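Work out the full structure: start from the sequences and follow the hints.
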Amino acid sequence: MVTDSIKVWESERKRIFASIHKLKSKSENAKTGDMTGLYVLPLEESPTQSIKYKRDSMQCGDCPLKASVGGACYVNPVSTNSPWRAKVGADVSPLPDSFDKPVRFGVYGDPGLVPLSLIRKIANKAPKRTGYTHQWHRIKRGFAKYLMASIDNAMAKALDVEAIELKRMANRKGYRTFRVITEGQEIDTDEIQCPNDTHGVQCADCGLCDGNEKGSKKNIYIHIHGPQNKVKAYQRASK
Numbered sequence: 012m013v014t015d016s017i018k019v020w021e022s023e024r025k026r027i028f029a030s031i032h033k034l035k036s037k038s039e040n041a042k043t044g045d046m047t048g049l050y051v052l053p054l055e056e057s058p059t060q061s062i063k064y065k066r067d068s069m070q071c072g073d074c075p076l077k078a079s080v081g082g083a084c085y086v087n088p089v090s091t092n093s094p095w096r097a098k099v100g101a102d103v104s105p106l107p108d109s110f111d112k113p114v115r116f117g118v119y120g121d122p123g124l125v126p127l128s129l130i131r132k133i134a135n136k137a138p139k140r141t142g143y144t145h146q147w148h149r150i151k152r153g154f155a156k157y158l159m160a161s162i163d164n165a166m167a168k169a170l171d172v173e174a175i176e177l178k179r180m181a182n183r184k185g186y187r188t189f190r191v192i193t194e195g196q197e198i199d200t201d202e203i204q205c206p207n208d209t210h211g212v213q214c215a216d217c218g219l220c221d222g223n224e225k226g227s228k229k230n231i232y233i234h235i236h237g238p239q240n241k242v243k244a245y246q247r248a249s250k
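Using my numbering, you'd call the opening residue of the sequence shown number 12 and step up by one each time.
Derived by calculation from the structure, the hints in this document are not laboratory data.
Everything numeric in this text was worked out from a predicted model, so none of it was measured.
Be aware that one or more of the hints could be misleading.
Quick list of simulated restraints, FRET-style, between CB atoms [what the hints assert, rightly or not]:
1. S128 <-> T14: 19 to 29 Å
2. P126 <-> R96: 18 to 28 Å
3. Q204 <-> H148: 23 to 33 Å
4. N92 <-> K42: 37 to 47 Å
5. D102 <-> R24: 14 to 24 Å
Pairs of lysine to aspartate or glutamate, EDC-like flavour, derived with a Cα cap of 20 Å [claimed, not checked]:
6. K18 <-> D111
7. K228 <-> D201
8. K132 <-> E21
9. K184 <-> D201
10. K132 <-> D111
11. K156 <-> D201
12. K139 <-> D108
13. K25 <-> D102
14. K228 <-> E202
15. K136 <-> D171
16. K112 <-> D15
17. K229 <-> E176
18. K132 <-> D108
19. K241 <-> E194
20. K139 <-> E197
21. K139 <-> D15
22. K151 <-> E224
23. K250 <-> E194
24. K136 <-> E224
25. K229 <-> D199
26. K151 <-> D73
27. K139 <-> D111
28. K35 <-> D171
29. K35 <-> D108
30. K63 <-> D73
31. K184 <-> D171
C-beta: ideal position from N, C-alpha, C; glycine also.
If you want it as structure tokens, here you go:
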């Protein structure tokens, strides 16, 4: 039988686990393209339960967009219940020797909450990767090699700084940044627009959002996008 998902890490202390899905089957995500994905999930209850009872900080950290604080998260939380059910009671398995497809760190949950050593091992086995973390201001700088710092207006508001200054703070910590902007916001001199915005390039083919391992690539920005209810929730969270 072909294995399409595995649990790769679990922490009773943190009450979360990490699993990898779509190892073989095709992802239908129109923006990212066909990628294998890492999920960070609660250990003791489904993602929707953790959101309902405002316990999703376990898997989402202090992300100001998480579903329990206004619903601006880009992920439909109901879609995460199936991966959770598939692996919540499973044993932790060894990683495959290699991945056939690009790997997306953080389909749901923040990859900055799992061990850096795990992220490193997966990255070294992947032909290409993308990854994002809202936890860049509190986790080891070593994550910057593999993950982009997620920057948005809601986080800037929570920290009482302008979004462009928040981006520069992350840069000073060694991170390249992926910033969601709204109409009229200032663009920094070292930022380029996401190729999906400009040319419809899928993440699986692009691979620019892979941290700072390869040197002096630009920081990325993208205009707010997605379903209108998510856009409106983001705008509310940013006011």
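Now for the hints, and whether the structure bears them out:
| no. | hint | result |
| --- | --- | --- |
| 1 | S128 <-> T14: 19 to 29 Å | holds (22 Å) |
| 2 | P126 <-> R96: 18 to 28 Å | holds (24 Å) |
| 3 | Q204 <-> H148: 23 to 33 Å | holds (25 Å) |
| 4 | N92 <-> K42: 37 to 47 Å | violated (22 Å) |
| 5 | D102 <-> R24: 14 to 24 Å | holds (18 Å) |
| 6 | K18 <-> D111 | holds (17 Å) |
| 7 | K228 <-> D201 | holds (9 Å) |
| 8 | K132 <-> E21 | holds (16 Å) |
| 9 | K184 <-> D201 | holds (16 Å) |
| 10 | K132 <-> D111 | holds (15 Å) |
| 11 | K156 <-> D201 | holds (18 Å) |
| 12 | K139 <-> D108 | holds (15 Å) |
| 13 | K25 <-> D102 | holds (17 Å) |
| 14 | K228 <-> E202 | holds (9 Å) |
| 15 | K136 <-> D171 | violated (39 Å) |
| 16 | K112 <-> D15 | holds (12 Å) |
| 17 | K229 <-> E176 | holds (16 Å) |
| 18 | K132 <-> D108 | holds (10 Å) |
| 19 | K241 <-> E194 | holds (16 Å) |
| 20 | K139 <-> E197 | violated (30 Å) |
| 21 | K139 <-> D15 | holds (18 Å) |
| 22 | K151 <-> E224 | holds (15 Å) |
| 23 | K250 <-> E194 | holds (14 Å) |
| 24 | K136 <-> E224 | holds (15 Å) |
| 25 | K229 <-> D199 | holds (10 Å) |
| 26 | K151 <-> D73 | holds (16 Å) |
| 27 | K139 <-> D111 | holds (10 Å) |
| 28 | K35 <-> D171 | violated (44 Å) |
| 29 | K35 <-> D108 | holds (14 Å) |
| 30 | K63 <-> D73 | holds (16 Å) |
| 31 | K184 <-> D171 | holds (18 Å) |
Of the numbered hints stated above, those contradicted by the structure are hints 4, 15, 20, 28, listed in ascending order.
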